[in-house]
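Could you put together the complete structure from these sequences and hints?
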Amino acid sequence: MQGGPHILIVDDHREIRDLVSRALTKEGFRVSTAADGRAMRKVMADGRIDLILLDLMLPGEDGLSLCRTLRAESNLPIIMLTAKGEEVDRVIGLEMGADDYLSKPFGSRELIARIKAVLRRSQETISKGDLEQEPKSYHFDRWSLDTGARALLRQDGVTVPLSTGEYDLLIALVERPQRVLNRDQLLDLARGRSAAGLDRSIDTQVSRLRKKLELDPSDPKIIKTVWGGGYMFTPAVTHQ
Numbered sequence: 001m002q003g004g005p006h007i008l009i010v011d012d013h014r015e016i017r018d019l020v021s022r023a024l025t026k027e028g029f030r031v032s033t034a035a036d037g038r039a040m041r042k043v044m045a046d047g048r049i050d051l052i053l054l055d056l057m058l059p060g061e062d063g064l065s066l067c068r069t070l071r072a073e074s075n076l077p078i079i080m081l082t083a084k085g086e087e088v089d090r091v092i093g094l095e096m097g098a099d100d101y102l103s104k105p106f107g108s109r110e111l112i113a114r115i116k117a118v119l120r121r122s123q124e125t126i127s128k129g130d131l132e133q134e135p136k137s138y139h140f141d142r143w144s145l146d147t148g149a150r151a152l153l154r155q156d157g158v159t160v161p162l163s164t165g166e167y168d169l170l171i172a173l174v175e176r177p178q179r180v181l182n183r184d185q186l187l188d189l190a191r192g193r194s195a196a197g198l199d200r201s202i203d204t205q206v207s208r209l210r211k212k213l214e215l216d217p218s219d220p221k222i223i224k225t226v227w228g229g230g231y232m233f234t235p236a237v238t239h240q
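Just so we're aligned: 191 in my numbering is position 191 of the sequence shown, and the numbers increase by one with no gaps anywhere.
Hints are not guaranteed to be accurate.
[As the list claims (entries may be wrong)] Label pairs and their computed distance ranges (CB to CB):
1) SER103 x GLN155: 50 to 58 Å
2) SER163 x GLU95: 13 to 21 Å
3) ALA149 x ASN75: 20 to 28 Å
4) ASP146 x GLU95: 33 to 41 Å
5) ALA151 x GLY60: 31 to 39 Å
6) HIS13 x PRO177: 33 to 41 Å
7) SER103 x GLY28: 45 to 53 Å
8) ASP219 x ARG183: 18 to 26 Å
9) LEU94 x LEU19: 18 to 26 Å
10) ALA117 x ASP216: 31 to 39 Å
11) ASP219 x ARG154: 12 to 20 Å
12) GLY229 x GLU15: 46 to 54 Å
13) VAL160 x SER65: 43 to 51 Å
14) THR69 x GLY229: 39 to 47 Å
[Said to hold, decoys possible] Capping the alpha-carbon separation at 25 Å, the derived lysine-lysine pairs in BS3-like fashion look like this:
15) LYS116 x LYS221
16) LYS42 x LYS224
17) LYS26 x LYS116
18) LYS212 x LYS224
19) LYS104 x LYS116
20) LYS26 x LYS136
21) LYS136 x LYS211
22) LYS221 x LYS211
23) LYS221 x LYS136
24) LYS224 x LYS211
Please keep in mind that the hints were generated in silico from the structure rather than gathered at the bench. Backbone N, C-alpha and C fix where the C-beta goes; we use that ideal spot for every residue, glycine too.
Below is the structure:
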């Protein structure tokens, strides 16, 4: 699995998805593709995306509407792609919250340069935002996870230490409870928080977490194995 930024291409033309995907993969990016808004949301629900290339003209919900919705929900970087070149389309796209705009046809070098520039700006914004972000506390089963203190607390008040890898993996799990996540998705989600966080396999990290979370690690109830699929974090999770 590659370690570069994860780009999601949303375009209903398979040829364009394939061409752009090959160019980005060659440049070291990880790439997922979707043909419409529904497929886009599924990809986003199952993994960490660093930037979206979003076509303006899509079947069903169009790119402008998707862009507006995405921007209302997150600060995920968005580059609009369109066959149209009129100034009004560019302005509308940017007003909807897109970070940049590229008209088709475009060259791979220009696209890659735009992606890198938007990612740089986004990272600067995230770094500033992290300083102001309020910590959260997640509650599940008999546990609380305090992200401000990076502490796992048992209901009897005992604090259980977590390594960086264990903490990053647990965050990925508690933010997506009761969903099957395969190993690549978990590795992607956890590494998105700390590139050096998981220096061993996901299975090893899960085993370590089970020893700390489960009443009986040999019969896990909190982190269940889904054979052929991956893992599922089964408890209901609340946060404040």
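Against the structure, the hints come out as follows:
| no. | hint | in the structure |
| --- | --- | --- |
| 1 | SER103 x GLN155: 50 to 58 Å | 57 Å, holds |
| 2 | SER163 x GLU95: 13 to 21 Å | 45 Å, violated |
| 3 | ALA149 x ASN75: 20 to 28 Å | 25 Å, holds |
| 4 | ASP146 x GLU95: 33 to 41 Å | 39 Å, holds |
| 5 | ALA151 x GLY60: 31 to 39 Å | 44 Å, violated |
| 6 | HIS13 x PRO177: 33 to 41 Å | 36 Å, holds |
| 7 | SER103 x GLY28: 45 to 53 Å | 25 Å, violated |
| 8 | ASP219 x ARG183: 18 to 26 Å | 21 Å, holds |
| 9 | LEU94 x LEU19: 18 to 26 Å | 25 Å, holds |
| 10 | ALA117 x ASP216: 31 to 39 Å | 51 Å, violated |
| 11 | ASP219 x ARG154: 12 to 20 Å | 19 Å, holds |
| 12 | GLY229 x GLU15: 46 to 54 Å | 32 Å, violated |
| 13 | VAL160 x SER65: 43 to 51 Å | 45 Å, holds |
| 14 | THR69 x GLY229: 39 to 47 Å | 29 Å, violated |
| 15 | LYS116 x LYS221 | 42 Å, violated |
| 16 | LYS42 x LYS224 | 22 Å, holds |
| 17 | LYS26 x LYS116 | 14 Å, holds |
| 18 | LYS212 x LYS224 | 14 Å, holds |
| 19 | LYS104 x LYS116 | 18 Å, holds |
| 20 | LYS26 x LYS136 | 38 Å, violated |
| 21 | LYS136 x LYS211 | 24 Å, holds |
| 22 | LYS221 x LYS211 | 12 Å, holds |
| 23 | LYS221 x LYS136 | 24 Å, holds |
| 24 | LYS224 x LYS211 | 13 Å, holds |
This entry does not satisfy hints 2, 5, 7, 10, 12, 14, 15 and 20, going by the numbered hints stated previously.
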